[in-house]
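Participant: Let chain A serve as the given structure and place chain B on it in line with the hints.
Number of protein chains: 2
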Amino acid sequence: MKKNALYAQSGGVTAVINATAGALILEAKRSKKIGKVFAAKNGILGALREDLIDTSKESISALRSLSYRPGGVFGSCRYKLKDIDSNLKEYTRLIEVFKAHNIGYFFYNGGNDSADTAFKVSQISQKLDYPIQCIAIPKTVDNDLALTDCCPGFGSAAKYIATSTLEASLDVASMSETSTKVFILEVMGRHAGWMAASSALARKGKSDAPHIILLPEVVFDQKEFLSSVKKIVNKNGYCVIVVSEGVKNKKGHFLSESTNKDAFGHAQLGGVAPFIAELINTKLKLKNHWAVSDYLQRSARHIASKTDLEHAEAVGSSAVKFALKGMNGVMPIIVRSKGPKYKWSIEPAPLSKIANLEKKLPKSFIAKNKMDITQKAIDYLMPLIQGESNPPYKNGIPYIHDFKLSMVKKSLPSWK
Amino acid sequence: MKKNALYAQSGGVTAVINATAGALILEAKRSKKIGKVFAAKNGILGALREDLIDTSKESISALRSLSYRPGGVFGSCRYKLKDIDSNLKEYTRLIEVFKAHNIGYFFYNGGNDSADTAFKVSQISQKLDYPIQCIAIPKTVDNDLALTDCCPGFGSAAKYIATSTLEASLDVASMSETSTKVFILEVMGRHAGWMAASSALARKGKSDAPHIILLPEVVFDQKEFLSSVKKIVNKNGYCVIVVSEGVKNKKGHFLSESTNKDAFGHAQLGGVAPFIAELINTKLKLKNHWAVSDYLQRSARHIASKTDLEHAEAVGSSAVKFALKGMNGVMPIIVRSKGPKYKWSIEPAPLSKIANLEKKLPKSFIAKNKMDITQKAIDYLMPLIQGESNPPYKNGIPYIHDFKLSMVKKSLPSWK
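Chains A and B are the protein sequences, given in the same order. Take the first sequence: its position 205, counted from the start at 1, is 1281 in the working numbering, and no numbers get skipped. Take the second sequence: its position 238, counted from the start at 1, is 1314 in the working numbering, and no numbers get skipped.
Here chain A stands alone, though its shape is the one from the complex (with noise of 0.2 Å):
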């Protein structure tokens, strides 16, 4: 008897993760190798509540649509399993799950706690005696896992960061003379500076904005930052700076926690774009302006990288193939082919070199005067928004496809 599959999807979602999905459990029924693929509701937690998706009552092109549709179709969770030493239960209650529904492939779709996870769970062959295959499949828009060149969902939003950089600069170069002098956009990206750095490929001549790009790799320097506003207004008449939400002082503080302490309350951060505006007023006097993409970066589908989206494609038809080949405790990762064209493959990578590390901007990447970046980041970034894919409309916004989520009947007793 054929094995099941089992598909989750873990912490944030992207743009395209839908589309992983779906390449994967189209590639599963191409197989024919697999019996039925379930997706967890919300994520690991459905996997440990039993409450399963199943994906076969799904017709062909509700499957196909997931290539288009943004956020994450069954549910996405933030939740870690600890390690199997220190918290047997939830793994037994996972093989429990496996064993009542003929699961075979665990894939978890998702970033470095995912991949955690992931590893965690393909030991259970070895430790607990239950013969499951578990691949994680890399998505996060932070681009910050290791081994793999970049990061599905990462291209994506990249190119919206990048194309809305470009717009919004264009508006307020129109106004600048009698108007708002300065542009603050803030991006996700609280580690890793991967997002704010795209924003610099809005760019064709060297005085074009984002003039400046502050990174959360670099200590936030109020002085340098200021004096540089200054020239740039003087010398362009407007300045556009991008902004990365994680964005630190010399104490080691995120910028936005300083500001919102009073006025918000607590200590969540999306707010650094107020914060530099306000320091922008106070100590420049210049009229200025802000935006917060938060979740719009994320989730804009419509503006989706193609190269991102068969990205995401490929990891999750890869796989299966990988399961198929008998692999476990593997990421199918990207690899760029040297050269001046952009290629890359799908290889599979050893999920105890990838979980819990975190890929932060190269040194090389990030340029002298510490408010940009280099020519060799905007090689790295530059392939990665190629191509469009727009989504099929329907009253004038993107269409969004209906799903059954036909749950599947429980056989186990509830769980905690």
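Because the hints were derived from the structure by calculation, they are not lab data. Among these hints, one or two may not hold up.
Pairs involving identical chains hold if they fit within one copy or between any two copies, as the list cannot separate such chains.
[What the hints assert, rightly or not] No farther apart than 20 Å at their CA atoms in a straight line, the calculated lysine to aspartate or glutamate pairs in the DMTMM-like style are these:
| no. | residue 1 | residue 2 |
| --- | --- | --- |
| 1 | 1382 | 1464 |
| 2 | 1109 | 1386 |
| 3 | 1361 | 1333 |
| 4 | 1439 | 1103 |
| 5 | 1382 | 1225 |
| 6 | 1470 | 1386 |
| 7 | 1470 | 1333 |
| 8 | 1435 | 1253 |
| 9 | 1492 | 1253 |
Facilitator: Just chain B now, with coordinates in the frame of chain A:
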């Protein structure tokens, strides 16, 4: 000798104001009845300073590319002319510039204030005996001009807002069980809620996002609002709120002002999302995220509405046609035909009936619960976001054509 024309942009730019400029210049060329079209650099200030751009130096492909270019290519400004009687100096200067460059047609592309300025300029012929035909051309993302059915620029902003609301809501929905429960999107609209209202176009089903729309036409009722958020989260698992920057409390103060007073020093609008977030943090203790679109929403040419683009081009070419018919002091407005199918035409309307008026959401467009819009509003809005018109891309971002922006030789003493 053929008269030349002067075109100027005014106030905040949009994703399609350049499309109006392009259509106007190309129509003037086609007519063979107008000499050159000069564009004032940075709006009416350029006209006063004799800073004129000779658009005849631009290639046809550059002029055609205006249909794809956000921002204002010739520059815009916020500058309102006073009455002829109280500030004759500015008008006599305008006449000097018109005379020096044989200008017989003045096209002024803007919102309420610009319609007022254009109306005053249109009176020059009568009051100061200089033969000038002045046509105001509508433009504003605020959609608040009187008489015209809608304003070019609005449909594209509306499409951006509806699409962003849809995409972000799919993101929030996937994570809501263990993460963010409330998402807040702040949109523009200081006095009129057209942009916030357009987020309702993101819905397919009744329980779809946005769940709450806060309009500037409605006084903010904190108790009702918080009770609604709570109910919606309990029922749906998450709640998406779209809030207009111009929402005010019972005392008539902008909500954004009340927060920003301490933290940001001055009363610049654009901080109502963090205010709402803080309210939800402290009163409901629900995890939330917020986004502020700011300039992104009015410059997002990459997701322009094709209908809006067609409106923008039609008002540009009609302005030339009306001028050549001898009209003065009019605006080409968009007139919607009655009947179930959306049809529209362009007709001239007198500036005296447009200048300084502000069209807010009518009562029949606001839902009974005051936190949503009616079906009548949706029926009005829906046609305006229909159709896609993708810009050409190069290197992964929208391609921006180079312009010569060749300045006309000055022949007058400098102004002021």
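Participant: Determine for every hint whether it applies to the structure shown.
Facilitator: Structure-based check of each hint:
no., hint, result
1, 1382 with 1464, "both (5 Å within a copy, 18 Å between copies)"
2, 1109 with 1386, "neither (24 Å within a copy, 52 Å between copies)"
3, 1361 with 1333, "between (23 Å within a copy, 18 Å between copies)"
4, 1439 with 1103, "neither (39 Å within a copy, 53 Å between copies)"
5, 1382 with 1225, "within (16 Å within a copy, 38 Å between copies)"
6, 1470 with 1386, "between (24 Å within a copy, 19 Å between copies)"
7, 1470 with 1333, "neither (41 Å within a copy, 38 Å between copies)"
8, 1435 with 1253, "neither (41 Å within a copy, 28 Å between copies)"
9, 1492 with 1253, "between (63 Å within a copy, 16 Å between copies)"
Checked against the numbered hints above, the structure breaks hints 2, 4, 7 and 8 and satisfies the rest.
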